[in-house]
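J.: Chain order of the listed sequences is H and U. Residues 27 to 316 in our numbering are what the first sequence lists, from first letter to last. Residues 449 to 1107 in our numbering are what the second sequence lists, from first letter to last.
Derived from the structure by calculation, the hints contain no laboratory data. We treat Cβ as the ideally placed atom computed from N, Cα and C, and that holds for glycine. There's no promise every hint is true.
Taking lysine to aspartate or glutamate and the EDC-like style, the derived pairs with C-alpha atoms no more than 20 Å apart in a straight line are [to be verified]:
no.	chain 1	residue 1	chain 2	residue 2
1	H	K120	U	E457
2	H	K158	U	E525
3	H	K120	U	E462
4	H	K150	U	E457
5	U	K925	U	D857
6	H	K80	U	D693
7	H	K150	U	E462
8	H	K221	H	E238
9	H	K150	H	D134
The following residues of chain H were derived to be distant from chain U, with all beta-carbon distances above 12 Å [said to hold, decoys possible]:
no.	residue
10	M27
11	S49
12	P53
13	E54
14	G77
15	M113
16	L129
17	R155
18	A169
19	D187
20	K192
21	E275
22	E303
Quick list of the computed label-pair ranges, beta carbon to beta carbon [unchecked claim]:
no.	chain 1	residue 1	chain 2	residue 2	range
23	U	L595	H	A188	54 to 62 Å
24	H	P148	U	L562	36 to 44 Å
25	U	V628	H	N64	41 to 49 Å
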Amino acid sequence: MNPIVLAGLTVRYGDRLALDGVSLAVPEGSVYAVLGRNGAGKSSLVRCLLGEQKPEAGRVSLLGREVWAERAAILAEVGVVPEDPDMPPTMTAKQVARFCSRLYPSWDAAGVEARLVRFGVPAKVPFGRLSKGQRAQVALALALAGAPRLLILDDPTLGLDAVARKAVFEELIGELADRGTTVLITSHDLAGVEKIADRVAILSRGKLVLDEEMDVLKHRFRRLSFPAQAPELSDLAPVAVSAHSWGTEAVVAGYDEERLGSPAEGGPEVSALTLEEIFIALTGEPEAGR
Amino acid sequence: MRGFLAVFEREIVERRLLFVVALVLGLVPLAMPLFPGLPAASPTELRNGTAMSLALVLSFVLAVLLGGTVIARDLVERRFGFYFSRPLPGAAIWGGKLAAAAVLAAGAGILVLLPTSLLGSVPDPSGAWGATFGVVLSRSELFAAWLGVLGLVLAASHAASVILRSRSPWLLLDVMALGVTATIAWACFGALARHGAGVVAWTRYGAVPFSGFTLLQHLEIAFLVTVLIALAAAGAVQVIQGRTDLRRGHRALSMVLWGVLLPASLVLAGYTWWFETPAIEDLVTVEGEVPSPAGSWIALYGQAAHRGGYFPGFLFDVGSGRTLRAGFGNFSKDVTTQARFSADGRRAFWLEVAGGDPIRPWVAEVQLFSLDLRRPDASPRPTGVVVRGRVAAFAISPDSRYVAISHTDRLMVIEIGSGRLLASVARRDWFFQQEAVEFPAPGRVRFFGLYSSWYPQSNRPHGVVLSIRDLDVATGKLTETTVPNERMKGMVTWTPGPQGVRGLWRTREVLELRDGATGALVARLGGEGARASFLPDGRVALLERSPEGSDLRLLDPGTGAEVRRFHFAGMRTVLVADQPALDRLRVVTRGSGGTVVWRLWTLHLSTGQAVVGPQLALTSLPYEGAGPWPKRRGRDGVVWFDVEHARDAVLLRSGLPAG
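Let the sequences and hints guide you as you build the complete structure.
T.: Here it is in structure tokens:
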């Protein structure tokens, strides 16, 4: 059973289509990254996943149950890190933890405490006085404390500095190694996502334009550098071709090593692409930070 | 439940400082007696009053503030997702937050009262402060009302906050629906109050069973409870369906709120329509009746079934059975409840509340209406006569051109056709328990006012004053005759005869014929139990009973001398029915000794001939009332006897209250 299944999900705000018939399935134990530019529909998708938004059409099921109807029961097995941690500003991390501990069937209070110590987050300082990074770390600690079968992380590193981002991803990697929890993550930190994601989906203007295993994706996307005019590449599914003074450069989505040959044989110079480069090539423009 | 308690506890803990503030505020009343220049009340009452005022103000301010923020502000500041990203049902979130807000508001109010109560003087609304502010509820009732209104304010504040903060186009619908609901409710409750739903009903049979709240108060409470339920349900649905989406929540809230309140308003409107339109058959008592001096019309009013203190008035043609509900009779025991007929019996006149403040009759605007009784298709027509204030008595001149009105602070004479004020005199220092006005002569109005210090339980002699004032319409000059203060036992009544030339003075021990102009004794008619009434031509019909039967004596009003006597041998009861012609009188009689037969007689006054008519199909029942029309009451209600056709006209089928 896939812990997350979306079928024909459509969300509309007035005249604007935020999600247009999105269907996807997240396999159990995988880390599934949903990428997209601002306004691509990621937040709407997460809101639908959490049962906060009722879709105009389509179905969302988490852990085999329809989320709009059974939200509260489902969330007992789901850890959530929101895009902008929204704990009451007057509550301390300790108070929030105590509040949450009453809501989940199992709660690892010691784990929360240990994580907060590890992150260096003061447990008795009101949430409103914590830094953005500390808030995200509190949110992650709380999300992991309920021993969730599923983690939904909505851009958990947004606005964090490099150190805080690293801490978040390291914690996640450790958690995944320990439990094999299924994770759905949206993020603008593509380098971080690249390290942990098994599968990637890309949303563009409300449509799902890619849904693929990370390894397969990275294998079929290559940058080709031709010293002179590039040959006909249509069967390699070029997604970007640019002419330079030194030759031509192309990014292809259907790389075939046998067909092109090695540089020694007169073939192009081939280099692998990062997830960020693939994302830029697919979405057409460099990712703009928020 | 676990989720509800978690949210509830979180809200309480977050705002626990409010309790401390309330406790500190509760110390203020203790210091109040130390402040100079405060009202001259006892220290205890000063403390109690201050404590109760502070408790009320604080709790309602908190209800408004908390109701408007506990959910709506989280939504606007995008912090509501904190709850919805946890395993918390929407109902638990809504319930926990609102319940906590209610406990905070109510708890703060109670804590303000605590120091004063610990000092040994538990604030009591029935004390001097309660009396000052017109509090008529007991402590427990006031506490329940306070909690109810607190809940209402809280829920309303929450709904208003969501509606205003969402800035959605649905706001327009809300404004329109609120306008419609408020208008319907205002109009309905105004109409119900105008018709006496807010009056504790007293009838001639005693008080109508009274639970402590009037019908209007029951309806108002029911409506407020409906509003509270609608607001609470709407708030819950807003959270459960709208979740973190403020606009969708607003939409859900509006649909539930107006989906309940608009139909509820229509139900209220339907009830009000039903309340306002009783048929004559709905009357359960007849509180007053005025027969037309000629023809077969009667004006009567009484209490309508299931309508609280509503005493609708009806014009009823015994001959044809035609009935017409008229606007007199709304106010129990008020002289404006009566209608008047023209001397020829062709027109009926009455006063209706037409504007102003109908709930307070002493400042209401009343208008004279008339109906042409000869035309079957005629409907009531307003005249140009409009006065403001409580009308105590009015009379129509014999030619039906003028009306004399005695109201709150003036005695006035107005031309009916044009509404022109012909004379008006102030009556600020007049206070009477019974009032009447008559036209003794063209251009002259006579006012009668009776003041008696008697009260029902007393058997001691008491002072009685009969004041007679004649107003010359042309000059506006008022001449006054006051019958010296007399001391007597029991209730005293003064019944003016046609045009106020003579009057019947009844005390518990005597019945006298007196002069209408001076109040001087004309003739002593009888002792305790004597019965008499004026005939339309002014003569007096005096009934006397003896072991041999009954005598009907007709007296000359000028001297009180007997002009004719009819003896009904063996008849125990003789009732004057009507005077179809100047020379003819009709009466009904009932035999004694177990005889239950009623007979109709026609008496020829000039010859003294008495012609017995058919035996009547009337069931023997005790005599009731003193009107010229025979009336009886029993299991079936009140039955009027139609003398013209010698048949019963059953007016009131509903049972009468015991009494």
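J.: Against the structure, test the hints numbered earlier, and report the numbers of the ones violated in rising order.
T.: Structure breaks hints 14, 15, 16, 18.
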